[in-house]
Amino acid sequence: GIQVEQSPPDLILQEGANSTLRCNFSDSVNNLQWFHQNPWGQLINLFYIPSGTKQNGRLSATTVATERYSLLYISSSQTTDSGVYFCAGDSNYQLIWGAGTKLIIKP
Amino acid sequence: GAGVSQSPRYKVAKRGQDVALRCDPISGHVSLFWYQQALGQGPEFLTYFQNEAQLDKSGLPSDRFFAERPEGSVSTLKIQRTQQEDSAVYLCASSAPTGMDYGYTFGSGTRLTVV
Chain V
1 GIQVEQSPPD LILQEGANST LRCNFSDSVN NLQWFHQNPW GQLINLFYIP SGTKQNGRLS
61 ATTVATERYS LLYISSSQTT DSGVYFCAGD SNYQLIWGAG TKLIIKP
Chain P
1 GAGVSQSPRY KVAKRGQDVA LRCDPISGHV SLFWYQQALG QGPEFLTYFQ NEAQLDKSGL
61 PSDRFFAERP EGSVSTLKIQ RTQQEDSAVY LCASSAPTGM DYGYTFGSGT RLTVV
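Top line first, the protein sequences correspond to chains V and P.
Using our numbering, read the first sequence as starting at 1 and increasing by one per residue.
Using our numbering, read the second sequence as starting at 1 and increasing by one per residue.
Source of the hints: derived by calculation from the structure; they are not laboratory data.
Fair warning: this is a prediction, and the values are worked out from it, not measured in the lab.
Careful, some of the hints might be misleading.
Reference excerpt, derived from the structure (chain P facing chain V, CB under 7 Å, subset only) [to be verified]:
no.	residue
1	Gly42
2	Pro43
3	Phe45
4	Val89
5	Gly103
6	Phe106
7	Ser108
8	Gly109
9	Thr113
Beta carbons: idealized from backbone N, C-alpha and C, even for Gly.
Excised from the complex, chain P in its bound form:
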């Protein structure tokens, strides 16, 4: 696609509910990233995929967070048993391989509100 597509755009979840956030990266971008952005702050790294391999998940805040990219394209970030502190905007970004002059392209994000 022309850009990074994320869905849903907004999600309201009751505390304890499981949620799944989808990211469809730019076609051909092998690198995919998830970031979490709290209100008024810069994005915080969650996890990184190169194709289907999850190379770094050090930023995931707890074992309730799980991300996958089984076929090296679409990725899903799953949050189990949501808590109020999970409320944030979840951003997905993709980039072409290192050395190409594209940088990172971000999706519009999913705003998660846990009530």
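So here's chain V without its partners, still in its complex pose:
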């Protein structure tokens, strides 16, 4: 079965809006991470978040490991937030990736 599942697959928002991206992961996957891949292909590690909540500026993430999900919050979206957001987790040291959420922020 699917080990890492992300939703929604696509999201289009106006600049300034808030958004929540979700990642569900199976028992075999641990140590959740969130990445942003910008339109130029660079993968940026946003959060390493096996559990709990972390915040970095307008972004925050929460992982509830016992319920096997993680949420990424983006507040006051900017056009530079556009790109694909991936969550991924360790499974025997390999990163298992979700299919990504493609976010488009319109000015």
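Dock chain P against the given chain V, drawing on the hints supplied.
This is chain P only, laid out in the frame that chain V set:
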């Protein structure tokens, strides 16, 4: 270095040509990974090194793919007799030992186009 450095940034190869892609991980990171990312998809695992030891190469798609990390730092991914289906972005990542709160850091990738 401050980040994971990959070179070249772009590579165009004629079908049948051999290519070598370089990855310079973050200093002190013992774990190094290669991933392949096709357009519109998430990265796919290729191989994993811990120091100079290649512990897993199960993701390498064929015996034309070969990776090495002889001194436990810089790694090279070599593709022999390139085919069009090898066109993709090749990403390198490094991480500190398990238990440290760093996760994985990716390089900018090498975009390989086989023509």
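ask   = If you check each hint against the structure, which ones fail?
value = 9
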